[in-house]
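Got two chains here, separate frames each, mind docking them using the hints?
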Amino acid sequence: MNARLPLLYRLFWVVLLGLGWTAPVWAADPPRVAVVLSDEGQPYQEVLSGLRLRGARMRGTEASFHVVAPAAVGSLAQGGYSAVVAVGLQVAQALVGQDQRLPVICTLLPQSAFAQLLASAGPGASRRISAVFIDQPVERQLDLVRVALPGRSHVGVLWGAATRRTFDQLGAAARDRKLRLSGEPVASEAELPAALMRLLGEVQVLLALPDTAVLNSQTVAPVLLGAYRHGVPVVGFSPAYVRAGALLAVYTTPEEVGGQTADMLGHLLDTGILQSPQFPRQFRVGVNAHVGRALGIDVAEEAVLTERVRRLEREP
Amino acid sequence: MAAALPAAAQPPVSESEYLRELPVVLAASRLPQSLSDAAGSVSVIDREMIQASGAREIAELFRLVPGFQVGYATGANPVVTYHGLSGQFSRRMQVLVDGRSVYSAAYLGGVDWNAIPVVLEDIERIEVFRGSNSAAYGANAFLGVANIITRSPEATRGWRASITAGNDGISDNLLSYSASSGEAGLRATVSRRRDTGFDDIADTRHVSLLNLRADWRPGIRDEFNLRFGATDNSQGVAYTSALFPELTRSSATYSLHLGWNRTLGPDERIGVTFYRNQDAVSENSTAVLPLPPPLPILRVPLEFGRDSTTDHLGLQHDLRLGATTRLAWGAETRVDRVRSRPTFGTDAEQTTNLRRLFASLEWRAAPTVVVNAGGLVEKYSLTGTHTAPRLSVSWQPTPEHTLRAGASRAYRIPTVYEARGSLIYAADTGQVIDTRYVPPVENSLRPERVTAREIGYLGEFRNVGLSVDVRLFHEHVRDLIVGTVQPLPVGSELITQLLRAIDPDSVVRDETFVFANVEEAWMRGGEYQVRWRPRPETLVLLGQTFIRMTASSSDTSRSAPSNNTFVLLSHRFASGLQLSAAHYWFGAVQWLEEASYLPGYRRLDVRAAWPVRFGPVRAEAAVVVQNTLGSHAEYIAAWRFGTRAFATLAVAF
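Heads up: the protein sequence lines correspond to chains A and B, in order.
Residue numbers for the first sequence follow our numbering, so the first one is 1 and each next one is one higher.
Residue numbers for the second sequence follow our numbering, so the first one is 1 and each next one is one higher.
Check the hints yourself; a few may be wrong.
[Said to hold, decoys possible] Here's a subset of chain A near chain B, in silico, CB distances under 10 Å, partners left out: (1) Asp39; (2) Phe114; (3) Ala190; (4) Pro193; (5) Met197; (6) Leu224.
Keep in mind that the hints were calculated from the coordinates and are not lab data.
From a predicted model like this one, the values you see are computed outputs, not experimental measurements.
The C-beta atom is built at its ideal place from N, Cα and C for all residues, glycine as well.
Pulled out of the complex, with its shape left as it was, chain B reads as follows (with noise of 0.2 Å):
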C-alpha cells in the first residue's frame, strides 16, 4: 500500500473487462475433489508444515502422515511405506511428482527418494492419499499414494539461494531462478546435498540435482508443461564385511515430462502425458578374498550396474454426465526396459509392457451424499490381466461432519527383478562365491492382490479452525512376494564354509533365496489426524496410528510398528520469528530383509527461523535441532543417528 503508482495518463478501463470471456482457470474437472467428497483419507503436506518440520529432504516429511513409517536403511538411504511390508526398496506405494511416476526399473521397482528432482523449496504441497487406489493411479499404488505438486514459476519468480551447513557434514547449496509472463512461467532450480551420514559406517552421500520447468499458456484452452530433471548422486553402500569392501553406487538419472492439456468447456478437459525416466546405477568394486594356502587368492568383481529406461503415455478426459455425475477416464501404456549383466546374466535388455484403462466416477446421488467408484484393467506383459476395482460412499448430513465407507482391490505387478533376476558372485576363475538369489520358475510369480475396506470420518468446523481425520482399516494382502530360503546349489558349501571360517561376519551365507507368492498378512487398525489452527499464526498437528498386523512370518508381521504418534506444533510471533516442535513416538519395527527388530524411540526435532526484509531481497536465517533426545537405530540395531543440528541462511529477491 505504500509505494505510488504513477498517476499514468492510463487508458481507461472500457466495458470489455467486463465482458470478456477468460480461460476456465479451475475448471471442475480439474479441481481436486474437497476432502469431504474423496473417496479416500486424504492427507496434504502444505509449504507450512514443510517448513515447520525442519524437514532437510522430502522422505522425512512422511513422518507427519497417520499410517507411514519412515526410515533410513543406512544414513544416505531413506525408505518410506503406509502400514510396512518394505525393506529397503520400497515397492508398494505409489509416489508422483506432479503426476510423473518416480517408479524405477532400476531401482529394483521400489523408490529411490535421492533420485526425485525437486528441492522441498520447490514444493506447493504433497498429496497423499492413505490406502491403495490403484483404479486412479495404477500399478504400485497398492498401500498408498504420495503426489509431490511443485509450485508454478509465478510463486517462485525471481532468484532464490539458499546455503545450509550443520554437524555430520551437512553442507547443502541451492540456486534457483524463476521468471514469467502472463502466458509463460519458467524455473530452473540447482541443489547440491551431502552429509556423512550415521555415525560409525561408510555410507557419505552426495546429491546434486537440476530441475526445470517451463508452462506455457498460449490461449485461454490450452496449457502445455515441460519438466526436466536430472539426478547425480553417489552414496557410501555401508553393508561391508572383511570380505567386501567398501562400495560406493553412483546412480545418475533423468527424467523428461512433457503434458498437455485442453480446455474443452468448464467442466471437461483433455490432457496428454508422456514422460521418459532414465536410470543409470553403478556399484563397482573388486573383493579379494585371501583363501589359506595353497589356495589362489580369489579376485570377486562386484558389479551392480544396471540401466533402465521408462516411457510413458498417459491420456485423460475429465468431463461433467449431467449435473450430478463427474467422470474421469483414460489410458496409459509404460515400457520398462531394463539392462543389467550381473541380475539376469546377459547384456540383453529385460522389456515389459504395461497397459491400463481407468474410469473414476463421482456421482452426487443426493446433496448429502457422493459415491465414488472406479476401476482399472491392467495387462502386464509379465502377469497378464487384471482387474481392480475401487467403491465408496460418503455422506454429509451436516457441512461439519461426513462419514464413509469403502471397500478396495489392488495389485501390485512384480517387478522384472523379482520374475527373472538373480544375483550371484563369482571369482573371476569362475567359482561361484555366493548366491544371493536365484530366479523362480519363468512366469510363476503373479501380482500380489490387497483387498481393503475401510470407515472414515471427516469434521471440518471451520469457525474453531479444527479438522478431524479418522481411518479405521482392514487391509488383507494376498500373494506377497517374498524372498524364500532354498539350499545352495550342490558344490558351493565348501567354499562357502572357508569363507565364513575366515571371516565369521561374512555377508556370505550358507543359503539363496527365491522370490515366491508364499506369504499374507492382515492390517487392522485405525488412524487420526486432527490440525487445529487456533489462529492464523498457530498451528496444532496431531496424529496417531495403531496397527495389529498379522502376517505368515514373524518378521513381516513386524514390519509396521503397532502404534506411531506426532504432534506439532507452529507459531510465529509478532515479531517474525517462527518457533516450531516436532515430537515423534515411534513403535517397535522390524523393516523387512536384513534390517533388526528395533525398539520404539522417541524425537524431537525444533526449528527457528527468523525472516528479514532488506528492501527488495528477502532473507531468512533459521536453525534445525533434528533427534535432540538422543541416538536411535533406524533400520539395522547397530546403526544409530545421533542429534543432528544445521543452520540455514536463505535469500529471494
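In isolation and in its complexed conformation, chain A is listed as follows (with noise of 0.2 Å):
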C-alpha cells in the first residue's frame, strides 16, 4: 500500500495537468450568444443575470453573453454569434421583422404579444424562433383560485380586444375545473365602471387580465376599490397588483424568466434543436395578508400555496 501511494499522487497530478493543458486544445471556441435588451430597466438586468447565473453549455463549453444594443441589431450577422436572446417585446419586434439566420430566443413578453409576432414573421419562422413567457398559463391562475379560496367558485373578468383570446381560453380552463366564468367586454376606459359594476354584482372572485384598455394604472384604482367594497377579492398577475390591493397574484420573477432562458438556450446549443415556446416553470404566488383580513377571507401563506398549485399541476 505505501509503495502504491506515491504512484497513485504522481498518476493523479499527471492527469490533472495534463487536462488542464490540453483541455482548451479540444473544446471548440466558447459559443457567444447576444443578448438585446428591450430597456436599460431593473428587469431587463434581472432577465440579463439570470441567465449567467444559470449559463448555458455547449458539449461542456459555457457560452459568452454579449449585450448587443437594439441599434445594432442590425450587424448580428457579422458578430459571430450562435444565436440571440431577444430580452422584451420591443427588441423581439425589431428581430423577427428582420431577415435573418440565427436562432433567436425571445423572453419576457407574454405570449399573446408572442403569438401575434410569430403570425406577422411569416412561415417556418416557428423553426427559427422561440419564446420564454412572462405570464401565467389560465390553467395556473385558475388553479390558484381553486386552492386559495374554495368555496368561490364564479370567477370575473374583463376582457378587451387585447385579452378576448386569453377570455376564450380560460372558459375552456373554467370548464375543467368547475368553475363558472363570467365576462363582461370593456371597448374602452369609459365602458369600464358600468362593466365593473355589472360583473361585481354576481362574481365571487375577479381576475384581472393585462389589457392596456381596460386595466391600466389609471383604472387600476377603481378596479380594486370597486371590488373590495363589494368584498370580491381580486387575482392579479405581478407582485405590483398584490401591493396594489389585489388579494392574490401568481407569477414569476424577472431573473427566474432568465434562468429558464438559459436553459432553452443550452439545449439549442447542445443539440441544435430549438424547444417550443414555454411559459415559465417556476412561478410563486403572491399574498396580500392585510387585504385577506380585511375582507374576511382566510388565506394560506404564500409558500403553502405555490406548492399547492404545483401539487395540482403534476396530477395527471
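Shown next, in the form of C-alpha cells:
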C-alpha cells in the first residue's frame, strides 16, 4: 500500500495537469450569444443576470453572453453569434422583422404578443424563433383560485380586444375545473365602470387580465376599490398588483425567466434543436394578508399556496 | 359577454403590464380593520340594506342597528341616539360624512339630519361604531359613531333621476350626473324632498340639497378630494299654542371639504383634511298677547336666529411599525364661531377652540390576539384639557370565533349654548314674558364623562353565510349636563300667571332652567345582531337590544327603551322582483326634554321593487308602505305617525 501511494499521487497530478493543459485545445471556442435588451431597466438586467447565473453550455463549454444595443441588431450576422436572446417585446419585434438566419429566443414577453409576432413573421419563422413567456398559463391562474379560495367558484373577468383570446382560453380551462366564468367586454375605459359594477354584482372572484385599454395604472384604483367594496377578492398577475391591493397573484420573476431562457438556450446549443415556446416553469404566489384580513378571507401563506398549485399541476 | 368587440389592430400587450409599479390602492394603513380585529362592535349598513329597508332618509336606517333608537320630535325632525340620553337635539353621538363631522354649533351641538347634504342613493355604506370611541373620532364620539361613506363617482357613472310621490304630501325628486376618467371623477347631485309630516300639526318640511364631489388622482401616490354640500330647508315648528303662532324654521347650510392623501409606501400614508361647515338658522315671528284691558296688547318678537361656522384642519399619519403593529396618529384643530343675539344677548361672535392629538395602535400580539390601544388629548377653550384612553383585546382562537374585551373613557365637551346661552322672550316694551333658560356661572360646566366596559363576541360562519355579533356593555355616564329647574327671577311671576290664565296650554312656564352637571346614568345590558345570507339573493337580519338604565332622574332612566327588536327579510326573485319587509318592536321610551312617556309599539315596513332594462337605460319602480300596522307616537303622545305609502320611479343611463 505504502509503496503504491506515491505512484497514485504522481498519476493524479499527471492526469490533472494533462487535462489542464489540453482542455483548451480540444474544446471549440466558447459559443457567443447576443443578448438584446428592450430597456435598460432593472427587470431586463435581472433577466440578464438570470441568464448568466444559470449559464448555457455547448458540449461542456460555457457560452459567453454579449449585450448588443438594440440599434446594432442589423449587424448581428457579422458578430459570430450562435444565437440571439431578445429580452422584451420591443427588440423581439425588431429582430423578427429582420431577415436573418440566427436562432432567436424571445423572452420576458407575453404569450399573446409573441403569437401575434410569429403570425406576422411569416411561415417557417417558428423553426427559428421560440420564446419564454412572462405570463402564466390560464390553467395556473384558475388553479390558484381553486386552492386559495375554495368555495368561490364564480370567477369574473373584464376583457378587451387584447385579451379576448385569453378570455376564450379561460372559458375552456374553467369548464375543466368546474368553475363558472363570467366576462364583461370592455372596449374602452369609458365602458369600464358599468361593466365592473355588473360583474361585481354576480361574481365571487375577479381575475385581472393585462389589457391596457381595460386595466392600467389609472383604472386599477377604481377596479380594486370597487371589488373591495363588493367583498370580491382580486387575483392579479404581478407582484405590483398584490402591493396595490389584489388579494393574490401568481407570477414569475424576471430572473427566473432568465434562468429558464438559459436552459432553452443550452438545449439549443447542445443539440441544435430549438424547443417550442414555453410558459414559465417556476412561479410563486403573492398574498396581501391585510386585504385578506379586511375582506375576512382566510388565505394560506404564499409558500403553501405556491406548493399546492405546483402539486395540482403535477397531478395527471 | 354578448357584445362583440371590434377585432381591432390592437397593439399587443407588452411585458410592461407585468413589470410596472401600480398605485397602492388598498394600503394596509387605509384598510378598515376586519370586524374581528376592530376595537369594538361595528355594524355596517350597506346598499342592500338601505334599499331593502324602504327608508326615505338617512336617520331611518339606524333602526336596523342594535342599541340605536330613532324618533321623530316632529314629522320633520328626526332624532337618532344610541342608548338613550337624547332630546330633540342629539348631542352625544358623532356623525361623519366621509370623515367630516356634521356637528353643528348652530343646531345646539346636535345633529341636524335635514342638513346632511347626501342622498340615500349616493351612500355606499354607513359604518356604525357602537360604543364610545373618542380616542379615534374625537369629542362627540361619546356614545357612538356613524360614518356615512359616499359612493365613488365611478360607481354612479352617468345620469340618474328619480321621482317619488306618496301620501302625507310626499314629493321627492333627484337628479344626478357622474363622470369619471381613470384619474378623475366628478359627481353632482341635486335633490328635493317634501312632506307634510304628522297629521294635525304644522310640521311640513321642504329639504333641497346640492352635493358635489370631485376626486383627482394625478399620479400613483396622490389623491385629492373636494366635496361641497349645500342644503336649504324649512320646516314647520309644531310647538304652537294660542300665544305662540305657527313658526317656520328655515336653515341654510354649506360645507366644503378638501382632502389630500399621499401614499408613502405599501404601509404608510399621510392625509391632510380641511373643512368648513357654515350654518344659518332663522325662526322669526311675532307673538301677539291680548292681555285683558286696560293692559296693553303685548307684541313679542320671536327670534331664534343663529349663525355658525366651524373650521376644521386635520392631519393623520398611518404607518406600520414592524410586522405586527400599525399606528395611526394625528392632530386636529377646530374653531367654532356662533352668533346669536337671542341666545347670547349680543351680536358678538362666541368663539370656541378645540385642539386634539390622538393615536391608535393595533398590535397583533400573537397570531390569534389583537390589542387595540388608543388615546386622545383634547384641549377645549371652555373646559380645559382632558385625556380619553381606550383599550381592547381580541382573541380569535379560530377564524370563526372572536372574543373581545375592552374599556374606554370618553368626554363630551359642553356646547357654547349650554355654557353661555340663555333664552328669554321679552315684549317690545321690554317686559320679560318667558325665561326659558339662563346661563350657568361662567366656566362652571365640566365635560360629561363616560366610562364604558364591554365584552364582545363575533362569530363569522362563512360557509353558511352567517355572522353573529354580540355586545355586553356597562356604561357609566357622569356629570351629565341637563337643564335643572330654577325659580323665576322676581317680578316675572305676575305676567306669567296672567298669561297662563289666558292660555292654560301656554308653553310659558313659571320656572326657568339652567344647565348643570347634575346627573349620572348607568346603562347595562346586551345587544346582538345576526346577519344570514342563506343564498346570494336572500338576506335575513335580526337584531335585539336589552338595556337596564338607571339614572339620577326617572326621566333620564326612561330615555332608552328596555328592549328593541328588528327583523329584516329581503329576497330577489329570479324574475328580478325584489321584496323586503322590516318589522320593528320598540319598547316604551321617554325622550328627554319636552317629550312624553310613550308606550311601546310595533312597526312593519314593506317594499317591492321591479328593475327593468331598456337597452342602455336601467329603470326601477318601487313601492314602499311604512308603518302598515297603524299609528303610533314617536316623541310627544298626541302627535302620531300613521301609515305612509310612496312609490318611486328611478332611471339611470
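Going through the hints against the structure:
1. Contact between Asp39/A and chain B, as hinted, is supported at the beta carbon level, the nearest pair being about 8 Å apart and thus within 10 Å.
2. The restraint placing Phe114/A at the interface with chain B holds, with a minimum CB-CB distance near 8 Å, inside the 10 Å limit.
3. With a least beta-carbon distance of about 8 Å to chain B, the hint placing Ala190/A at the interface is held under the 10 Å criterion.
4. The criterion of a C-beta within 10 Å of any C-beta in chain B is met by Pro193/A, whose closest approach is roughly 4 Å, and the hint holds.
5. Look at Met197/A: its Cβ gets to within about 7 Å of chain B, closer than 10 Å, so that hint holds up.
6. Below 10 Å, beta-carbon pairs count as interface contacts, and Leu224/A has one with chain B at about 4 Å; its hint therefore holds.
Checked against the numbered hints listed earlier, the structure breaks none of them; every hint is satisfied.
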